[in-house]
Amino acid sequence: KNQVEQSPQSLIILEGKNCTLQCNYTVSPFSNLRWYKQDTGRGPVSLTIMTFSENTKSNGRYTATLDADTKQSSLHITASQLSDSASYICVVEAAGNKLTFGGGTRVLVKP
Amino acid sequence: NAGVTQTPKFRILKIGQSMTLQCTQDMNHNYMYWYRQDPGMGLKLIYYSVGAGITDKGEVPNGYNVSRSTTEDFPLRLELAAPSQTSVYFCASSPLRRGYNEQFFGPGTRLTVL
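Heads up: the protein sequence lines correspond to chains E and Y, in order.
The opening position of the first sequence corresponds to residue 105 in the working numbering, with each subsequent residue numbered one higher.
The opening position of the second sequence corresponds to residue 658 in the working numbering, with each subsequent residue numbered one higher.
Derived by calculation from the structure, the hints in this document are not laboratory data.
Values in this document were obtained by computation on a predicted structure and should not be read as measured data.
Glycine residues also receive a C-beta, built at the ideal position from the N, C-alpha and C atoms.
One or more of the hints may lead you astray.
[As the list claims (entries may be wrong)] Stretch by stretch, here's where chain Y covers chain E in the computed footprint (C-beta under 8 angstroms, at least three residues):
{"id": "1", "segment": "148–162"}
{"id": "2", "segment": "204–212"}
[Unchecked claim] Pairs of lysine-lysine, DSSO-like flavour, derived with a Cα cap of 27 angstroms:
{"id": "3", "chain 1": "Y", "residue 1": "Lys714", "chain 2": "E", "residue 2": "Lys202"}
{"id": "4", "chain 1": "Y", "residue 1": "Lys701", "chain 2": "Y", "residue 2": "Lys671"}
{"id": "5", "chain 1": "Y", "residue 1": "Lys666", "chain 2": "Y", "residue 2": "Lys714"}
{"id": "6", "chain 1": "E", "residue 1": "Lys202", "chain 2": "Y", "residue 2": "Lys701"}
{"id": "7", "chain 1": "Y", "residue 1": "Lys714", "chain 2": "Y", "residue 2": "Lys701"}
{"id": "8", "chain 1": "E", "residue 1": "Lys105", "chain 2": "Y", "residue 2": "Lys701"}
{"id": "9", "chain 1": "E", "residue 1": "Lys161", "chain 2": "E", "residue 2": "Lys121"}
{"id": "10", "chain 1": "E", "residue 1": "Lys105", "chain 2": "Y", "residue 2": "Lys714"}
{"id": "11", "chain 1": "E", "residue 1": "Lys105", "chain 2": "E", "residue 2": "Lys202"}
{"id": "12", "chain 1": "E", "residue 1": "Lys202", "chain 2": "E", "residue 2": "Lys161"}
{"id": "13", "chain 1": "E", "residue 1": "Lys175", "chain 2": "E", "residue 2": "Lys202"}
{"id": "14", "chain 1": "Y", "residue 1": "Lys671", "chain 2": "Y", "residue 2": "Lys714"}
{"id": "15", "chain 1": "Y", "residue 1": "Lys701", "chain 2": "E", "residue 2": "Lys175"}
[As the list claims (entries may be wrong)] A few chain E positions that, by computed beta-carbon distances, are all more than 10 angstroms from chain Y:
{"id": "16", "residue": "Ser111"}
{"id": "17", "residue": "Asp171"}
{"id": "18", "residue": "Ala172"}
{"id": "19", "residue": "Asp173"}
{"id": "20", "residue": "His180"}
{"id": "21", "residue": "Ser184"}
Input sequences plus hints: build the corresponding full structure.
So this is what it looks like as structure tokens:
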């Protein structure tokens with residue numbers, strides 16, 4: 105069964121600090137992995153998409169990494185801002201366009 | 658472009674009532690989807706459509722129905738609401754494209770069944 109597990113479930117960080125979110129997956133056959141940001145009361149918005157051959161991708165202060173051998177990904181947030189407070193969802197697409205969603209990590213940035 | 662729009666934003670239903678959640682996209686996307694999101698859980702696919710006139714079941718279709726008469730609209734129907742259907746519902750769309758299935762999400766409808 106395809107699964108995507110994220111950790112931690114939630115975290116609190118101080119404004120200006122860095123943090124790293126983790127995603128482990130068992131999805132086969134793998135096509136790509138993406139990270140979404142979901143603000144409270146909104147739909148998810150895509151941050152990065154990585155295929156099998158890509159091991160890092162950045163979008164501003166967000167940097168995602170992918171290790172396809174160990175089936176792990178991370179999302180690093182640099183110099184956090186209050187607007188980074190949101191849920192971050194790891195999504196893995198299998199061949200055939202089937203998506204499996206992780207439960208998300210809720211990030212709260214405090215001043 | 659407005660993107661993907663959903664109405665209503667919030668709704669409270671009594672057990673056994675029916676309602677339709679509306680979803681419209683103005684990006685001329687072929688694919689459309691309905692998901693539900695329960696607290697702390699990943700999104701679960703209810704139904705999807707690959708084009709007008711074509712719909713198919715996702716992971717959790719029981720208690721729901723859909724139709725796709727136009728490219729733009731993909732309404733979700735709840736016939737006999739149950740407390741287990743209390744959730745946030747998201748509609749999404751994606752273009753017909755080789756490579757990856759990039760989905761664009763609406764703002765969601767929060768439904769409570771009492």
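Verdict on Ser184 of chain E as a residue remote from chain Y, using beta-carbon distances over 10 angstroms: holds, 22 angstroms
Need the status of pair Lys714 of chain Y, Lys701 of chain Y: alpha-carbon distance at most 27 angstroms? holds, 11 angstroms
Lys105 of chain E paired with Lys701 of chain Y [C-alpha distance capped at 27 angstroms]: holds, 14 angstroms
Hinted pair, alpha-carbon criterion (27 angstroms max): Lys701 of chain Y, Lys175 of chain E. Please report holds or violated. Holds, because 21 angstroms separates the two Cα atoms, which is no more than 27 angstroms.
Is the Cα-Cα distance between Lys671 of chain Y and Lys714 of chain Y 27 angstroms or less? OK: Lys671 of chain Y and Lys714 of chain Y at ~25 angstroms, within 27 angstroms.
Given the proposed pairing of Lys105 of chain E with Lys714 of chain Y, does the C-alpha separation stay at or below 27 angstroms? holds, 18 angstroms
Take the C-alpha atoms of Lys666 of chain Y and Lys714 of chain Y, compute the straight-line distance between them, and say whether it is at most 27 angstroms. Since the Cα atoms of Lys666 of chain Y and Lys714 of chain Y sit roughly 24 angstroms apart, the hinted pair holds (cutoff 27 angstroms).
Hint consistency between Lys202 of chain E and Lys161 of chain E [alpha-carbon to alpha-carbon, up to 27 angstroms]: holds, 22 angstroms
Test the statement that Asp173 of chain E is away from the interface with chain Y: the closest C-beta pair must be farther apart than 10 angstroms. holds, 21 angstroms
Given as non-interface: His180 of chain E, partner chain Y, CB spacing beyond 10 angstroms: Answer for His180 of chain E: holds, closest chain Y Cβ roughly 21 angstroms.
Taking 8 angstroms as the Cβ threshold, is the statement that the segment 148–162 of chain E is covered by chain Y upheld or broken by the three-residue rule? holds (count 5)
Consistency of the no-contact label for Asp171 of chain E, given chain Y and a CB cut of 10 angstroms: holds, 19 angstroms
Figure legend: structure checked against the earlier numbered hints; every hint is met.
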